[in-house]
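Asker: Protein chains in written order, with our numbering: chain A, -17 to 283; chain W, -16 to 295.
It is worth saying that the hints were derived from the structure and are not from the lab. Some hints here could point you the wrong way.
Just some of the chain W residues that point at chain A, by a computed CB distance under 7 Å [stated by the list, open to error]:
#, residue
1, Trp17
2, Val122
3, Ala144
4, Gly146
5, Ala154
6, Ser293
For the chain A half of the interface with chain W, some residues (derived, Cβ under 8 Å), not all of them [to be verified]:
#, residue
7, Ile27
8, Ile28
9, Leu33
10, Trp70
11, Leu118
12, His136
13, Ile193
14, Val197
15, Leu199
16, Asn217
Residues of chain W placed beyond 10 Å of chain A at every Cβ, according to the derived structure [unchecked claim]:
#, residue
17, Glu52
18, Arg76
19, Ile87
20, Phe114
21, Met164
22, Thr216
23, Met283
None of these values were measured; they are calculated from a predicted model. No residue lacks a Cβ here, since even glycine has one placed at the ideal position from N, Cα and C.
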Amino acid sequence: MTTGSTNPGRRVSASPRADSDMALPSRRAIRSAPRLIAISAMLLIIAIFSLLPVWIVVVSAFKSQLEYAENIFAPPTSLSVDNFAIAWQQARIGIFMRNSAIVSVGAVVLCITVSVCLAYAITFLEWRGRGFAFTLCLLLLAVPPLLLLIPVFHVLVLIGLVNNLLGLILLYAALGTPFAVFLLVSYMGSLPTAVVEAAVIDGASAPRLLIDIVVPLSTPAIATAASLFFLFCWNEFIYTFVVLHSDDLRTLPAGLAALQGRYFTNFPVLLAGIALSVAPVIAVYVFFQRYLTRGIAVGVE
Amino acid sequence: MTPSGLAKRPGLAFASQSPHGARRRSPIARSQAWGYAAAAPAVLLIVIFFLVPVADMVIHAFTEWDGIEAARFNGLDNFVALLQDGSFITALRNNLLYAAFVPIQVVFALIVAMLIYERTPGWQLFRGIFFLPVVMSPVVIGIVWAMIFNLHGPINVVLAALGIVGPNWLAVPVTSIPSIMIVLLWASFGYNMILYLAGLSTVSPLLIDAAHVDGAGWWATLRHVIAPSLRRTTELVVVLNLISAFAFMLPYIFVMTGGGPGRETFVVELLIYDEGFVFGHVGYASAISLSLFAIVAVLMFAYLRLLRRSSS
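If we strip away everything but chain W, and leave its shape as in the complex, we get (with noise of 0.2 Å):
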């Protein structure tokens, strides 16, 4: 309670942020009584709407439910009857595609965060402009690229002045995929680049100056002093990508393709939409929505634990 125990903090900035780290005394008497008042609304948040609803999610996923009328407990016969349906299957393996294409995602990154680095004239510029998808809602982007992609849009306008005839990109299994993963491109790199930009910035420039005076050229220089600063910012931008490959592409694709053509660009997400809002399966839906959470766990762990090490 006295106001030494403040000057354990140390002065950086997320060097505190654990409290079990760095626990210390509050200087403000009976701040028992104002610690509870000030942290009650946003608990009362939290608990509304995430603690309550995991809990509603884990004790449904065992249950036949319609959303309206009680809940029947049926054991394991959600996710028996998941392993054996073939949307849940379709669905997954699109969304592994998805996962697979994040290394292009992250290396194109990369390379765009690199040529920025350069700081060639204009560099501001280009970063902005790179930066701009960013802010925009999913749904505008994959709005405005379902046009893009349509059969009379400017891809085929540009390949008909070449005297090719373009597909319906999005309506065709071969191309539909494909045309997503484009979209994916467009709409990440820019974030990704910040935070390889942000990586590049804690590479020290006389660590660099000096690769040259040693005579390394650009390729040696980026291999061998500049990658290996960037690992844990490679590894934190592969785990957010991946994350958003099995959770994050539901408005794409809504707006792209619906899922079609048939079930051709599904992701689970859609099936948890589609079987709790659509057809009434909130059971089911919610035993898909806590196996999605089996498998995004180890991705969330991975990133909270890249957060608390670059923090401690």
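Same shape as in the complex, but just chain A (with noise of 0.2 Å):
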């Protein structure tokens, strides 16, 4: 309410200070009791049918199938973790997870190495194309992956990374790249002169620039665009569908959408798989919803 509300928004800095603006507005003292309460019941219902296929998949991950049809609602009767070690083991979770590990990891150090060099090129360093760079971001960005879905594919075969790992990682790091790159130079426009300038005037070189200076003060960003990019790795099926065709090279999302055709009697063992899958991506979601909330709301005045 003092600082940020006045231009929130505008930043994709992440100071945790700009989150001020979600602090109580001075409304809430005009607030009745009886509108209190219809607020809070509407909010719970939204809430219910928020959650209720999280329950769903949570409560049915630890019944057996016999359990499950009696009441799908209920909450298991025993913590049997035998569906996850079916999931993990003879369903192949274990090894999508490790692939799906491998991939995002990959490419989000990848993409976000090469994005903030390139950021960091068109916001500080002079070269013929800077320019020309940036627009091409900004207009790429915008680009549905799905649209390039066939002559991406023809060009990895062309380049013989078809079902390898190294050819999604690089696929997929260059997919993220304009949209970090724009994120980064927007973030990298607004640091303070002053420090910029100074590591200069001590003979800071290019390199030296980068590594100590705009690299350090540029970390909210970088962890705004990391986490964004690290969801779309983990979640993205089209293209991992497309590319990887041994079972195992499978990512997550590819590996489940297989196992729905088998497992489809089994609904227990694959919605174990599927907790198992969506664990990490509540791990970012709990310690970077801030910064992703951020990166969402760009564009947002």
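These two chains come separately, so use the hints to put the complex back together.
Answerer: Structure representation (structure tokens):
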């Protein structure tokens, strides 16, 4: 309510203070009890709608098929982890999870590294084509990835990286770059000029300035770009589905889609697999919620 | 090349994001070479996975090609065939139906955001719960909801308790598309709510207080004070959801119905996948991709304009 409320949303910055726009407005004083109850009741109903699928997944994952058929909504009678073990071993969730981790971490590291370098070059260095590079990123960040499914697959065939985790890592990193560059350029452009100037006067070279000054100052924007992009990689479906077709190379979304057919009659195992696959993103969500929110709200004035 | 050139840089985030608008001198000597070096890896990735594919798509859209042997130029044949392709017409109709559902998604998200904005006790918890679907894969969401809509799933269990025999929701033409719309609503409203909350945070509480002091009720305040300030946010939410209705539907449809029953829930994206990867009509699939590109282009430019406007 203090500094943030005049001008929030403009900043991709992620200092905790910027969240102060979420502080209590003074309107609170003029709220009546019936209205408070009405609002809370509506929120509660929407929350039930929101959480019902989550509840069903969590309770079903612990149930036997018989128990599941008897009462879908009831909590499990015992906390048996059999379904999780079956999902991890026989249904190969463990392998899919390993692949997802390799691809997501690899793509995040690659994408953020190259994006930070390009954003730095656009913001701080003088070279012909920097305006063009930025405009290109801006144009491409609006392209829905699916539109390029056919030709990107062809490119991967040409460079011999189909059915190869590296191919998917490179492809994902490319898909994430335009938006990451946009976020980072926006943020770097707002860094205090005095600090950068001081470093240059002290004789910092271009790489020194990047590593010692710009990257440490840009960590909030880097966290935003990295956490949003990690979710993209972990959750993406159609590219991983067509690019990696060996059963051993599948990432979670493609693996789960394949399992859906096979375990259609054994929902508890499928749901245990889903619970396992969602656990890492829930962790990202818990630790990075603030950064994610800020990245999503880009474009809101 | 002087450090003083940096001083022209405005202090606000976003303000200097356009190198055209606020082109400033680099403080570093020989930065030309460093500039190319720093840009090269990202530019290389973009060239390989964006620019080459776009060219590849445009070229092959005018060919008959199975993806293996040499492509054969066939002029506009693909596009003529496309207009007569019943699957394409059905798919496009369905995309339009999902697009027609966007207003409901938007209004629902606005209502939720307004409720959160009231800051009743526990609002942070509610906001966290509503945000949860945002981090989940559409595949996961689709599989779980397919189970919920299953003939013996929880919805029909509840209906049975009420003495109603529920249909097989996703397998019956009348109920399949509305069922998918409910899933879309569930999956999207948290995301849209975040956009609206960001928009609401730019509305000055003083303005709202002033409206209350002037005797404006809840509705009058919403209509005359809050809604006008949210116009741009609404434009953004509408554009993003429309883009989703045309180009981000595939994973949901793929795992929930596979496009069925028949082609009842089919979408253009699924046609691209089928033609390209199942039937081997890669030239035709390129033509469909290009057509979908043209359809979505208007929305993409609207989105870019909104992004730029917010940052200027």
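Asker: Now, for every hint given, state plainly whether the structure supports it.
Answerer: Each hint tested on the structure:
no.	hint	verdict
1	Trp17	holds (4 Å)
2	Val122	holds (4 Å)
3	Ala144	violated (11 Å)
4	Gly146	violated (18 Å)
5	Ala154	violated (13 Å)
6	Ser293	holds (5 Å)
7	Ile27	violated (10 Å)
8	Ile28	holds (6 Å)
9	Leu33	holds (6 Å)
10	Trp70	violated (16 Å)
11	Leu118	holds (7 Å)
12	His136	holds (6 Å)
13	Ile193	violated (12 Å)
14	Val197	violated (12 Å)
15	Leu199	violated (12 Å)
16	Asn217	holds (3 Å)
17	Glu52	holds (13 Å)
18	Arg76	holds (19 Å)
19	Ile87	holds (14 Å)
20	Phe114	violated (7 Å)
21	Met164	holds (14 Å)
22	Thr216	violated (5 Å)
23	Met283	violated (4 Å)
Violation of the numbered hints given earlier is confined to hints 3, 4, 5, 7, 10, 13, 14, 15, 20, 22 and 23; the remaining hints are satisfied by the structure.
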